[in-house]
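Q: One-letter residues, chain by chain:
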Amino acid sequence: MKRMNAIPKSVNATRESIREAEFESVFLEHWSRLYGIIFRVVGDQAEAEDIALETFWRLWTHNPPQKNLGGWLYRVAINLGYNALRSRQRRAVYEEKSRPDPDSDPEAQIESDEQRSRVQQILKGMPTRDSQLLILKHSGLSYKEIAETLGVSVNSIGSLLLRAEQEFIKRYESNS
Amino acid sequence: MHLSNHQLRSYLDGELENDHLPACAECQSRLNTIRLQRDRVADSLNSLSPTKEIALRNALTRFTNYQLRKENETMLTKIFAPKFRPLWIGATAIALAMIMLSFSPAREAFSAFLALFRVQQVAVVPFNPANVPTYFNNRDQKMDRFMSEAAKTEKNGEPKSAANAAEAASVAGFSVRLPSAITSSPKISIQPSARTTAVIDLAKINAMLDAAAIKDVKLPANLNGATITIDVPKSVTATYDCPEPNPDRRPSSDEMQKCVALTQMPSPVVTSNPSNIDPKPLGEAFLRVLGLSASEAKDFSNRIDWSTTLVIPVPTTDATSKDVTVDGVKGTLVTQTNRKQYVVIWLKNGVMYGLMGYGDEAKATGIANSLK
Numbered sequence: 001m002k003r004m005n006a007i008p009k010s011v012n013a014t015r016e017s018i019r020e021a022e023f024e025s026v027f028l029e030h031w032s033r034l035y036g037i038i039f040r041v042v043g044d045q046a047e048a049e050d051i052a053l054e055t056f057w058r059l060w061t062h063n064p065p066q067k068n069l070g071g072w073l074y075r076v077a078i079n080l081g082y083n084a085l086r087s088r089q090r091r092a093v094y095e096e097k098s099r100p101d102p103d104s105d106p107e108a109q110i111e112s113d114e115q116r117s118r119v120q121q122i123l124k125g126m127p128t129r130d131s132q133l134l135i136l137k138h139s140g141l142s143y144k145e146i147a148e149t150l151g152v153s154v155n156s157i158g159s160l161l162l163r164a165e166q167e168f169i170k171r172y173e174s175n176s
Numbered sequence: 177m178h179l180s181n182h183q184l185r186s187y188l189d190g191e192l193e194n195d196h197l198p199a200c201a202e203c204q205s206r207l208n209t210i211r212l213q214r215d216r217v218a219d220s221l222n223s224l225s226p227t228k229e230i231a232l233r234n235a236l237t238r239f240t241n242y243q244l245r246k247e248n249e250t251m252l253t254k255i256f257a258p259k260f261r262p263l264w265i266g267a268t269a270i271a272l273a274m275i276m277l278s279f280s281p282a283r284e285a286f287s288a289f290l291a292l293f294r295v296q297q298v299a300v301v302p303f304n305p306a307n308v309p310t311y312f313n314n315r316d317q318k319m320d321r322f323m324s325e326a327a328k329t330e331k332n333g334e335p336k337s338a339a340n341a342a343e344a345a346s347v348a349g350f351s352v353r354l355p356s357a358i359t360s361s362p363k364i365s366i367q368p369s370a371r372t373t374a375v376i377d378l379a380k381i382n383a384m385l386d387a388a389a390i391k392d393v394k395l396p397a398n399l400n401g402a403t404i405t406i407d408v409p410k411s412v413t414a415t416y417d418c419p420e421p422n423p424d425r426r427p428s429s430d431e432m433q434k435c436v437a438l439t440q441m442p443s444p445v446v447t448s449n450p451s452n453i454d455p456k457p458l459g460e461a462f463l464r465v466l467g468l469s470a471s472e473a474k475d476f477s478n479r480i481d482w483s484t485t486l487v488i489p490v491p492t493t494d495a496t497s498k499d500v501t502v503d504g505v506k507g508t509l510v511t512q513t514n515r516k517q518y519v520v521i522w523l524k525n526g527v528m529y530g531l532m533g534y535g536d537e538a539k540a541t542g543i544a545n546s547l548k
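Protein chains in written order, with my numbering: chain A, 1 to 176; chain B, 177 to 548.
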């Protein structure tokens with residue numbers, strides 16, 4: 001006797017195709033910004049790419065709720081980025097991983113690397129939420145997207161951002 | 177009414193509309209100050225922006241690549257069909273102790289509380305899925321929850337790539353060998369090490385055995401509360417001639433015919449607290465969970481040294497297994513019946529190897545024998 005819940009292969013294949021199409025749509029919508037966020041955290045192209053791929057892999061395997069999907073994605077991405085940063089043994093590893101662009105001016109490259117390193121260190125010294133807030137904002141996320149990612153009220157973003165920027169400047173000036 | 181500074185900040189980002197601001201000199205002045213701060217921070221954070229970006233379609237292709245890699249990640253588990261996962265989950269509560277094995281009394285000299293062993297050989301136990309107790313053969317999320325409560329696994333880091341065996345060895349921390357019989361270049365990845373810790377809950381295990389109608393297995397009371405820790409070192413996987421992923425379609429079986437994957441890692445290390453645990457009853461319980469009868473389980477159990485052997489179950493409906501000599505040592509060849517897919521597993525000098533591909537025994541052993 002045929003099982004009542006037997007599903008024809010063709011239906012399963014169709015469902016799989018729909019799922020893949022939806023996933024591809026989400027991937028294409030969010031990849032650039034997500035990669036940009038992670039790159040700003042870890043500072044290394046290959047590592048940022050790996051973490052971005054891992055984020056989408058988790059989306060594929062975890063099938064999170066569709067509501068606030070962007071917030072879920074960016075939260076996973078930024079947390080993975082920070083985990084990667086924390087697992088580095090020495091700050092020098094990060095500096096070594098900043099690969100110079102072979103086509104660029106070496107002096108300008110050094111200056112750019114130093115500036116990037118300095119900013120990274122300041123962010124690393126700030127409370128995690130504040131540094132995440134700054135990175136998300138400057139990666140092009142709206143207040144609503146930032147609120148969904150960090151799990152805070154959208155009305156509080158202006159206030160949090162103001163404080164984080166003031167703190168950043170204070171640390172930047174005392175660092176120079 | 178004047179705007180607060182955080183309202184001005186939101187206004188600056190277009191997140192707040194306000195009619196008062198254009199006409200208010202004081203608010204305008206504060207807005208300018210906040211704008212300068214924002215721009216200063218933005219300027220600094222611009223130094224973090226990516227300098228290069230890959231095209232979206234290329235990113236999608238890389239994801240498909242990544243997806244295939246993740247799905248093939250644990251090469252040794254390829255010999256277990258997904259439908260047997262509930263079986264594994266149910267059995268792993270016992271299997272954790274099964275692979276843990278017993279500990280030589282002499283080793284107790286190293287620690288009053290810990291015993292240590294390393295896998296020295298592999299044994300395959302064939303089983304018939306039709307004989308597995310129904311309790312373990314059903315997809316049941318309770319099993320997943322049970323196992324997630326019973327055992328915790330921590331991974332140490334993320335996978336990495338390597339250009340060659342020497343680089344892989346440097347990252348993985350052991351000497352990496354590759355088959356010289358394959359002339360094409362490998363894609364090499366290193367998986368992070370992991371630690372699994374479990375505390376044995378004898379009441380739960382006994383309840384599970386009872387529910388599966390395995391009533392003649394008596395597990396020793398001193399198992400209860402024992403902590404087992406399994407440290408799995410970093411592993412290296414090299415793949416050859418595996419088809420490039422295409423986002424528009426999956427590879428055909430013809431394209432997979434040339435694909436070979438070799439995984440290697442130092443043997444896992446198991447410690448326990450306390451050290452005086454006899455693994456044999458646990459091992460036999462594990463065999464009963466696989467559906468072996470009491471006499472079959474006892475017969476198999478008496479033929480192996482539980483203190484040094486990793487036991488891998490292979491379903492007989494899908495695969496056959498035999499002993500082979502490869503790489504100068506005894507190994508096990510498992511052949512999947514329908515798809516002519518093989519897996520060869522062997523241990524040499526403390527390193528476990530698993531080789532997977534398509535073809536006959538001669539092809540499999542030829543590749544395994546060419547490791548350098």
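Derived from the structure by calculation, the hints contain no laboratory data.
Check before you lean on any hint, since a few could be wrong.
To be verified - Selected chain A positions facing chain B (Cβ under 7 angstroms, derived; list incomplete):
no. : residue
1   : ALA21
2   : PHE23
3   : ARG40
4   : LEU53
5   : TRP72
6   : VAL76
7   : VAL119
8   : GLN121
9   : PHE168
10  : LYS170
11  : GLU173
Please read these numbers as outputs of a predicted model, since none were measured by experiment.
Glycine included, C-beta positions come from ideal geometry on N, C-alpha and C.
Q: Does each hint fit the structure? Answer for all of them.
A: Here is what the structure says about each hint:
| no. | hint | in the structure |
| --- | --- | --- |
| 1 | ALA21 | violated (11 angstroms) |
| 2 | PHE23 | violated (9 angstroms) |
| 3 | ARG40 | holds (4 angstroms) |
| 4 | LEU53 | holds (4 angstroms) |
| 5 | TRP72 | violated (17 angstroms) |
| 6 | VAL76 | violated (14 angstroms) |
| 7 | VAL119 | holds (5 angstroms) |
| 8 | GLN121 | violated (12 angstroms) |
| 9 | PHE168 | holds (5 angstroms) |
| 10 | LYS170 | violated (10 angstroms) |
| 11 | GLU173 | violated (10 angstroms) |
Checked against the numbered hints given earlier, this structure breaks hints 1, 2, 5, 6, 8, 10 and 11; the rest are met.
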